[in-house]
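Enquirer: Residue 1 is where the sequence shown starts when you use this note's numbering, and the numbers rise one by one after that.
Because the hints were derived from the structure by calculation, they are not lab data.
Just so you know, these numbers come straight off a predicted model, no measurement behind them.
Cβ coordinates follow ideal geometry from the N, Cα and C atoms, glycine included.
One should not assume that every hint holds.
What the hints assert, rightly or not - Label pairs and their computed distance ranges (CB to CB):
#1 T51 - N27: 29 to 35 Å
#2 I20 - C82: 25 to 31 Å
#3 I36 - C82: 31 to 37 Å
#4 D102 - P56: 22 to 28 Å
#5 D102 - P49: 14 to 20 Å
#6 A25 - C48: 22 to 28 Å
#7 R96 - I36: 30 to 36 Å
#8 P42 - S92: 48 to 54 Å
#9 N84 - V15: 37 to 43 Å
#10 A25 - I100: 32 to 38 Å
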Amino acid sequence: MTALGSMVRVRRRRVCHFIIDDEVAVNVVALLRGSIEFSTTPQCALLCPVTGMRIPLDARELAFITEISSSEWHHIDDQAECSNVDVNMVRSLAERGAVISDLDTPLAG
1 MTALGSMVRV
11 RRRRVCHFII
21 DDEVAVNVVA
31 LLRGSIEFST
41 TPQCALLCPV
51 TGMRIPLDAR
61 ELAFITEISS
71 SEWHHIDDQA
81 ECSNVDVNMV
91 RSLAERGAVI
101 SDLDTPLAG
């Protein structure tokens, strides 16, 4: 991690709106055999209040967002270690807009 990376701070949005929806998929193998079968997988997303876009989240990312404060800034490296998650996951959340970063530009890989 670069020195710049360790200075980056993140926090949770004060208000977060999540949506949990079932993603429906057609079983292609069954379709080729002449029957129609569907499967569903639950998907979670954060609804971005600025763009209205859905930001897909997995279970670990959702858990992390619920752990951090919206009123206090957290250094990425420290918070990743404290939450026992990979720092790259936290950086990804910041890059996608799921958490707020104190950098004006996107985080560099």
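Enquirer: Please go over all the hints and tell whether each is borne out by the structure.
Expert: Hint check:
no.	hint	result
1	T51 - N27: 29 to 35 Å	holds, 33 Å
2	I20 - C82: 25 to 31 Å	holds, 26 Å
3	I36 - C82: 31 to 37 Å	violated, 48 Å
4	D102 - P56: 22 to 28 Å	holds, 24 Å
5	D102 - P49: 14 to 20 Å	holds, 18 Å
6	A25 - C48: 22 to 28 Å	holds, 25 Å
7	R96 - I36: 30 to 36 Å	holds, 35 Å
8	P42 - S92: 48 to 54 Å	violated, 21 Å
9	N84 - V15: 37 to 43 Å	violated, 26 Å
10	A25 - I100: 32 to 38 Å	holds, 33 Å
Of the numbered hints listed earlier, those contradicted by the structure are 3, 8, 9.
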